[in-house]
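Each protein sequence line maps, in turn, to chains C and L. Residue 18 in the working numbering is what sits at position 18 of the first sequence, and the numbering runs on without skipping anything. Residue 211 in the working numbering is what sits at position 211 of the second sequence, and the numbering runs on without skipping anything.
Source of the hints: derived by calculation from the structure; they are not laboratory data. Note that the structure is predicted; figures quoted are calculated from it, not measured. Among the clues, some could well be false.
[Stated by the list, open to error] Covered stretches of chain L (in silico footprint by chain C; criterion: 3 or more residues with CB under 8 Å from a CB of chain C, positions within the stretch not fixed):
no., segment
1, 144-153
2, 296-308
[What the hints assert, rightly or not] Label-pair ranges, simulated between beta-carbon atoms:
no., chain 1, residue 1, chain 2, residue 2, range
3, C, E200, L, R66, 51 to 61 Å
4, L, F222, C, L46, 52 to 62 Å
5, L, L137, C, Q266, 24 to 34 Å
6, L, L158, C, L42, 31 to 41 Å
[As the list claims (entries may be wrong)] Chain L is nowhere near these chain C residues, computed Cβ spacing over 10 Å in every case:
no., residue
7, L46
8, P52
9, L83
10, R135
11, D137
12, D168
13, S188
14, L191
15, I199
16, S208
17, T209
18, P251
19, T253
20, L297
21, N302
No residue lacks a Cβ here, since even glycine has one placed at the ideal position from N, Cα and C.
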Amino acid sequence: MSETSPPPAASPADSEVERPLRRLARMYAESRVALFGLALLLVIVLAALLAPWLAPQNPYDLMQLDMLDGRLPPGSASGDGRLTYLLGTDEQGRDMLSAILYGLRISVGVGVVATLMALAIGMALGLAAGYFGGRFDAVLMRIADIQLSFPSILVAMILLALFGQGIDKIVIALVAAQWAYYARTTRSAALVEGRKEYIEAARLLGLSTPRILFRHLLPNCLPPLIVVAALQVAAAIALEATLSFLGLGLPVTEPSLGLLIANGFQYLYSGRYWISVFPGVALLLLILAINLVADQLRDVLNPRLQSQ
Amino acid sequence: MPLFILRRILQSFNVLFVMSLLVFAGVYAIGNPLDLLVDPNATADDTARAAASLGLDQPLWVQYGRFLGNALQGDLGNSFIHGVPALGLIVERLPATLELAVVAMLIAVLLGIPLGLWAGLKPDSWSGRAIMAGSILGFSLPTFWVGLMLIMVFAVQLGWLPASGRGPTVDVLGVSISLLTADGWRHLLLPAANLALFKLSLIIRLTRSGTREALLQDYVKFARAKGLSNARVVGVHVLKNILIPIVTVVGLEFGSLIAFSVVTESIFAWPGMGKLLLDSITQLDRPVVVAYLLLVVTLYVVINLAVDLLYAALDPRVRLAGARA
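All chains should be built: construct the whole structure from the sequences, respecting the hints.
Set out below in structure tokens:
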């Protein structure tokens, strides 16, 4: 706590920027579980990005589906013998592996987009509240407090019940449910950093307020924000899956993992577990991987642990 | 203290006021409210009469005043599907949801405190680590996914417990309760366990960290120095002191249990308020949706208020800080 590390230089000389990053990487790699989480996350995200090339079939091109192949258990060969359904098929003869890869794309996409938007909004509001203080700060934090006293699923449900379904609506609902976390985190970081000498120096130099806010204050507020954002991506993905499972989230034309699980739910009773269990496992691995990475990031970016 | 109470109560009213505005805006001001409030099969004549009788020719603030006045008298309109007052429909389902939430909370507390104590007393043993790993899983697994797994294992594979519905109920003072029959409990066990999981993980963590902190305190050392048995030190001195934060959390989280019961009720076809909400959303039964949202938010605000006031009564630091702020 006593040592005052120099703020990340605004002029990025390579040798100076490289060192802290490499130190962080080394600290991150100290936990084997965290490395495994990172590898798992990379594999999942790559699989989601490359779904159209990796998937054995396009699960939403009806020409490629064969109703006769419906509800086949994992490992069965297709009727025409051209491919093997590694994870079985659903009631329309859709290859579950392909459906999961495409579903991952939507789940990851919605989660990441909603998180980035909530982050941008919450960060800007929190930064302004922490730096300027006063009435704006008081009102904003009151709103955030009240909203955080309700569970995010209730906030999202209220919005979706009022405004209806759709990919844009669910992103709005996720943003509305999560902005307050970022606003709170940014504000408290900005309050601490804003009192330090380098901000005062920047002010004395006569730099413009936006420049002080975004070039000097913001970079130093980032570490706690990164941790919160990492944890919230997982929360956003889980929340979207839950809402889609309930039929409140994404429409049938954009089947995320939650919707796939919901579709397979009715077949669970007859023992055709694969239609909902495998998308569930994919969702589980995704959330688990993000949480493992976020947990280690929290330790790595925590200044109190760093100085030891 | 009176100032703190007054401030807190005023704040609760503010929240309710904002919520009523939001609901009013969502239902009445966006789009043509007649599309939402009148049966789509009604004739143009009926529609015009409905507009006049509902006061939709009045300015918006008059409409809002009327909406608020009716809401305060418990009139939130009639359900389109069932044709009875929406609020009554929901209150009818309230016992089922409360039953589920109370049993879930009991499971979380009765399992969570002993497990958390154990993990706090033996943090480095394999059992302590296993408990913590389990609680991390409980935190990160989505509730609906755990519900599916419970159904698959206990209802489909093993066939021990029923997978859906509520068991036979017994009327007690006009309230139907399924806790008095064995079959009722069999139906309740899986949904309650599903709903409890998240809170269980939370209580395990709270108890564990509380225990670890308490063990380092002087009063625990002193109790040991007096030669008290380990059971007495843990069971009386440690437990008593970690119970305060746990009681607070249990109170605060009870509201979120009711909100989350939407998920559990939908999976286990439990006939509570949450199931009604989902059915009403898919059937576009707006008055019921509005009534549910207003009722749950009111419930939530009242619970938060009660916990805050209780906490202030128990802990002088809170009410002093509150009076000064």
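The hints, checked one at a time:
no.	hint	in the structure
1	144-153	holds (count 6)
2	296-308	holds (count 4)
3	E200(C) with R66(L): 51 to 61 Å	holds (56 Å)
4	F222(L) with L46(C): 52 to 62 Å	holds (58 Å)
5	L137(L) with Q266(C): 24 to 34 Å	holds (26 Å)
6	L158(L) with L42(C): 31 to 41 Å	holds (37 Å)
7	L46	holds (22 Å)
8	P52	holds (26 Å)
9	L83	holds (27 Å)
10	R135	holds (15 Å)
11	D137	holds (14 Å)
12	D168	holds (15 Å)
13	S188	holds (17 Å)
14	L191	holds (16 Å)
15	I199	holds (26 Å)
16	S208	holds (34 Å)
17	T209	holds (29 Å)
18	P251	holds (13 Å)
19	T253	holds (17 Å)
20	L297	holds (15 Å)
21	N302	holds (17 Å)
No hint from the list above goes unmet by this structure.
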